[in-house]
Amino acid sequence: MAIIHYWLVAQRGGEKVLEELLKIYPEADVFTHVVDRDRLTGDLAERPITETFIGRLPFARRHYQKYLALMPRALEELDLSGYDLVISSESGPAKGIIVPPGARHVCYVHSPMRYIWDHYHPYAAQLGRVGRMYFSRLAHRLRIWDVTTAARVDRFVANSSFVADRVQRYYNREADIVYPPVDLEAYSLPEADTLRDYYLFVSQLVSYKRADLVIEAFAGMERNLLVVGEGNQRAELERDLPENVTLLGRVSADDLPRLYQGARALIFPAEEDFGIVPVEAMACGTPVIAYGRGGARDSVIEGKTGLFFLNQTASDIRAAVTAFESREQAFDAAALNAHARKFSAERFRREFKAVVDAAFQNA
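Read left to right, the sequence shown gives residues 12 to 374 (the numbering used here).
Hints may contain errors.
Claimed, not checked - Below, simulated DSBU-like cross-link-like pairs (lysine-lysine); rule was C-alpha separation at most 30 angstroms, straight line:
1. K27 / K77
2. K27 / K364
3. K364 / K34
4. K77 / K315
5. K364 / K77
6. K27 / K353
What the hints assert, rightly or not - Listed next, with one range per pair, are the computed distances between beta-carbon atoms:
7. L206 / F64: 50 to 56 angstroms
8. P111 / L206: 57 to 63 angstroms
9. R269 / M144: 27 to 33 angstroms
10. T257 / A21: 23 to 29 angstroms
11. E254 / K364: 22 to 28 angstroms
12. R358 / T324: 34 to 40 angstroms
It is worth saying that the hints were derived from the structure and are not from the lab.
For glycine and all other residues, C-beta sits at the position ideal for the given N, C-alpha and C.
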């Protein structure tokens, strides 16, 4: 068995999925474009991992994205002879490997590559003139390759109905849906009654996560907002930061559950592929005020575990906060926790293995 993951340079949601895949298939060999072991933890940090030739290129651990044009060739040069099952973990280029005859290829899609599909225009707009010209040509070629290599996959598995719709749109393929795993041992209800006296935002501080909108919404409101996360947008956000908003930066895995447990609600303004953060918050008994598009539609239940706002604007977020406070007492922490448990790691392992077994039975 072989598992191909796009790159291993941080420990985020995609890497949590990889860890669970390795619990299902502990004997699997792992391949990726580049590994930065200093940024990995647990079993992944110690596990043997084979890099494509990307990992041997200069400064690949920090600037791997600059080698995007070479990644299709790097994948196709991986020799997977002798493997019966190949699982690709797709967000960056991963699914384009060539599997041997008779092997099954199951692709778990965190997201079709955003920067060449639905996020292409916002991404290109951030580049300079020369960068846009180069990326325009590269993205065009990558789209052709990305669609073509969809034929190399026997079965697609999407992490949400939102991603399944995009798999259908871009690859013209059906996808099973298996929600990603959430560590419900780490995220749980507080042991005693906790004063909930602030709102919370948790995410990377990059443009599409829309921390700027949340901060703008809370400017002038007599409510405190805590912002957890790091990213290239932080310096911009720190300018003219309202007094009632605190940027906490990156927090430890031990501190994050406590922050969820003390929040009145989580504000989730991004259009995400799935979004593990809302489930972590709900596991801690915290309702979610979310943008009503994307993967949050799969995890948040309107009126029971949170509320949706329909437009990505500061005024819509403010109105949603007001609406939430008018019915805040109706949200039950135990019910929120029970709902979050539907997204357990055990459930992920069971459902994903069932899809793989079916792929072999239907071969």
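Holds or violated: K27 with K364, Cα cutoff 30 angstroms? Within the cut-off at roughly 16 angstroms; holds.
Does K34 sit within 30 angstroms of K364, going by the straight-line distance between their CA atoms? Roughly 11 angstroms separates the two Cα atoms, so the pair holds.
So does R358 sit 34 to 40 angstroms from T324, Cβ to Cβ? Since R358 and T324 have Cβ atoms about 35 angstroms apart, the given range 34 to 40 angstroms holds.
Between the beta carbons of R269 and M144, is the distance compatible with 27 to 33 angstroms? violated, 48 angstroms
Hint check for A21 and T257 - Cβ pair distance inside 23 to 29 angstroms: With Cβ atoms ~24 angstroms apart, the hint holds.
Between K77 and K315, is the straight-line Cα distance small enough, at 30 angstroms or below? Roughly 44 angstroms between the alpha carbons, so the hint for K77 and K315 is violated.
Against the range 50 to 56 angstroms, how does the distance between the Cβ atoms of L206 and F64 compare: consistent or not? Since the Cβ atoms of L206 and F64 sit about 54 angstroms apart, the hinted range of 50 to 56 angstroms holds.
Kindly confirm whether 22 to 28 angstroms is satisfied by the beta carbon distance between E254 and K364. violated, 51 angstroms
Below or equal to 30 angstroms on CA atoms is what counts here, so check K27 against K353. holds, 17 angstroms
If you draw a straight line from the CA of K364 to the CA of K77, is it 30 angstroms or shorter? Roughly 35 angstroms between the alpha carbons, so the hint for K364 and K77 is violated.
Has the hinted range 57 to 63 angstroms been met by the Cβ atoms of P111 and L206? holds, 59 angstroms
Are K27 and K77 close enough, with their CA atoms no more than 30 angstroms apart? Roughly 25 angstroms separates the two Cα atoms, so the pair holds.
The earlier numbered hints that this structure contradicts are 4, 5, 9, 11.
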